[in-house]
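Listed in order, the protein sequences are those of chains A and B.
Quick note: the first sequence uses this note's numbering, first residue 1, plus one each step.
Quick note: the second sequence uses this note's numbering, first residue 341, plus one each step.
What the hints contain is simulated information worked out from the structure, not anything from laboratory work.
On a predicted model such as this, the values are computed, not experimentally measured, just so you know.
Treat the hints loosely; a few may be bogus.
Unchecked claim - What follows is a set of in silico ranges between Cβ atoms, one per label pair, in the way DEER data are often shown:
{"id": "1", "chain 1": "B", "residue 1": "SER438", "chain 2": "A", "residue 2": "GLY273", "range": "31 to 41 Å"}
{"id": "2", "chain 1": "B", "residue 1": "GLY372", "chain 2": "A", "residue 2": "GLU78", "range": "17 to 27 Å"}
{"id": "3", "chain 1": "B", "residue 1": "GLY473", "chain 2": "A", "residue 2": "ALA84", "range": "25 to 35 Å"}
{"id": "4", "chain 1": "A", "residue 1": "VAL80", "chain 2": "B", "residue 2": "GLN515", "range": "24 to 34 Å"}
{"id": "5", "chain 1": "A", "residue 1": "ALA84", "chain 2": "B", "residue 2": "ILE437", "range": "48 to 58 Å"}
{"id": "6", "chain 1": "B", "residue 1": "ASP399", "chain 2": "A", "residue 2": "PHE245", "range": "27 to 37 Å"}
We put the beta carbon where it would ideally sit given N, CA and C, even for glycine.
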Amino acid sequence: MGYCLDKAGFNQVLQELSQEYVVYAPKLFKNGGCFSDTDRIRYGEIHTVEEIIFDRKSEYSFKEELLPLSQTLFFFTEAVVKEADLPQKGAVILLRSCDLHAVKRLDTIYLKNGSEDYYYKRLRDKVKFILIGCQHSFENCFCVDMGTNQTDAYDAYLEMKNGKVYMDNHNDAWEAALAAHSTEVTAVIPAYVTETETRVHIPDGITLDVMHAKMWDEYDSRCINCGRCNFVCPTCTCFTMQDIFYTDNGKIGERRRVGASCMVDGFTEVAGGGCYRKKNGQRMRFKVLHKVYDFKKRNGYHMCVGCGRCDDICPEYISFSNSINKLAEASKEVATNAGK
Amino acid sequence: MLANEYLPFLSEIKEVVKHTDIEYTFRLTYEGDVKPGQFFEVSIPKYGEAPISVSGIGDDTVDLTIRRVGKVTNEIFERYVGDKLFMRGPYGNGFDISNYKGKEIVVIAGGTGLSPVKGVVDYFSNHSAETKGMTLVAGFKTPQDILFMEDFGRWKQSMEVILTVDCAENDTVCQIGLVTQYIPQLNLKNVSEAVAIVVGPPMMMKFTTQGLLTRGFREENIWISHERKMCCGIGKCGHCKIDDTYVCLDGPVFNYVKGCRLLD
C-alpha cells in the first residue's frame with residue numbers, strides 16, 4: 001500500500017519503529033571528513049527524516065550495520081569462552097537500489113558459501129530494508145550497466161517530493177503505523193535511474209589469461225594500496241581475526257573480526273612470511289576480476305553493484321569503471337599474444 | 341539453532357614429540373571424524389589463530405605437527421603435556437583414500453608438507469594389500485630437519501622409501517638431492533595408471549608435478565595440497581580465495597587438473 005506523509009507524520013512512524021529497531025540512514029557527520037573543515041556522509045542512527053541525506057551519496061555503505069568493521073565474536077576469561085551478546089533491537093536500514101542488491105552479495109557469502117555464518121545470520125534475521133528512490137544518478141555511479149538500478153526486494157520504499165514523504169509498504173507489520181500517520185493513501189511507484197553518465201562494458205568470454213595483460217602494470221605505481229576502495233565497497237566482505245587483551249587484566253580479552261582489504265600488505269601472508277600478489281597491480285587485478293569475473297563464475301551474477309564509491313574515495317583518482325572498460329582490450333591483447 | 345563455528349573448544353595435549361628444534365608434533369584430544377589433509381584452526385587467546393593440518397589420527401586424538409614460525413606457533417611451543425589448546429574444525433576436504441586404492445601410489449613430500457599427507461602414508465602402510473605398490477619420496481633441507489624419523493623405519497617395511505636431504509655432510513641415514521631428481525628412476529609398472537600426491541612448498545610442488553608429467557603421469561592422477569592464509573576456515577574471510585575457488589572449502593587438497601589452474 002502507498003502512503004503520503006508529512007515530515008511530522010513520518011517522524012512519528014520513525015519513533016514507533018524505534019521501539020523495535022534502530023533506524024540507520026546516510027547522515028551528515030559535521031567536520032567528520034578526512035581533512036579539516038570537511039564533512040562526511042556515512043551511515044548512522046537517525047531519529048527524524050531531517051537527518052537523512054538524500055541529495056548526496058554516502059561515502060561509506062550500509063554494510064557496517066551487518067558486518068561491523070570491528071565485531072567482537074567472543075570473550076576469553078582464562079579457559080572460558082563467552083559468546084558476545086546480540087544487540088537487543090533489530091535494524092531498519094535505508095538504502096538505495098545498488099546497496100539493496102549488495103545485500104544479496106553479502107547473503108551469498110555469509111549464508112551460502114559454506115556453512116551459514118552465525119554472527120551475520122543473527123543480525124540479518126532482524127534487519128528490514130527501506131529503499132530510497134533515485135531520481136538521478138550521482139557522479140561515478142554505473143548501476144544501470146550492472147543491472148542493479150531497480151529492485152522490489154524491499155520492506156518499504158521511500159522518496160521525498162515537495163517536502164512530503166511518499167512510501168510504498170510491503171511489510172504488513174508497518175501498515176497500521178503508516179495508515180495512522182499518513183495524510184493520504186496513494187499509489188507510489190519506486191523511482192529509479194535508467195541512465196548514468198559513467199558507463200561500463202564487461203566483455204563476454206573473459207578468461208583468467210587476462211591477468212597477464214599489460215593493463216595491470218600501471219597500478220603498480222599508481223595504487224598506494226591504502227585499501228579505501230575495499231572499505232567503502234558495499235560488497236567487500238573479507239575479515240581478519242584479531243585478539244585483544246585488556247591492559248588492566250591480561251587474563252581477560254576478546255576475539256574480534258575486523259575488516260580486511262585484499263589491497264593492503266599482509267592479506268595473503270602465511271606464517272613464515274610467504275605471501276602472494278606482492279605488486280599493487282596484481283592486487284588490483286585480483287580485486288577487479290573478483291568483482292566482475294570470478295564471483296560470477298561461482299555464484300552466477302556479478303559482485304560489483306556499480307555504486308562507484310571506490311572511484312569517489314580513491315586518493316590516487318584510480319577509476320574502477322575505467323579498469324572494467326579496459327578488460328575488452330586486455331582480453332584481445334592476451335589472445336593475440338597466445339596466438340603468437 | 342545454528343552452530344557458532346567460531347567458538348573454539350579446549351583440547352588437552354596428551355603427548356609432544358620433538359622432531360627438530362622448531363618442529364613438534366602435538367597429540368591432542370579430539371573425538372569426531374577427521375580425514376588426512378584436513379586442518380584445524382588452533383588458537384591461543386591473545387596471540388590468535390592459525391590453520392594447522394592433521395598429521396595423524398588416533399581413536400580419540402589428532403596429531404598436529406607444528407613449525408615454529410609465527411606469533412601463534414611460537415606460543416604453542418610454550419605448551420606441554422597436560423596443557424590445553426583452543427581448537428575448532430576440522431575444515432577442508434582432506435584426502436579421499438578411495439582415489440588411491442588399488443593403484444600404484446607415489447607420495448612426494450617436501451618438509452612439513454609430509455604432515456598433511458602422513459595419514460595417507462600411514463593408511464597404506466597398514467593396508468599394503470590395497471595398493472599395487474607404493475613409493476614415498478620425502479625431502480628435507482638437512483638431516484637435522486627430518487620429521488617423523490621413527491615412522492620412516494616402519495614405512496620402510498611396507499613400501500619403497502626414498503629419504504633425501506638438500507645438503508648434508510657425511511650423512512648415511514639418507515640420500516642427498518632434491519626430490520625431483522628421483523622421479524625419473526621411480527620404479528613403476530604402469531605410469532599412465534599410477535597416482536601421485538605432491539605436498540610441499542610452492543616451488544617444490546611446481547617442479548615436482550612437472551617432473552611427474554614428463555615421466556608420463558596423467559594430470560588427473562596427481563593431487564596437490566595448498567597452503568594459504570585462512571582466518572575462518574568456512575568460506576567467509578576471503579584470504580584463501582584464488583580465482584573462484586576457496587582453498588578452505590574446495591581444498592586444500594586439489595586434483596592437479598584444477599590445482600594447476602589456481603593462480604593467485
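Here is what the structure says about each hint:
no.	hint	in the structure
1	SER438(B) with GLY273(A): 31 to 41 Å	holds, 37 Å
2	GLY372(B) with GLU78(A): 17 to 27 Å	holds, 25 Å
3	GLY473(B) with ALA84(A): 25 to 35 Å	violated, 54 Å
4	VAL80(A) with GLN515(B): 24 to 34 Å	violated, 51 Å
5	ALA84(A) with ILE437(B): 48 to 58 Å	violated, 40 Å
6	ASP399(B) with PHE245(A): 27 to 37 Å	holds, 36 Å
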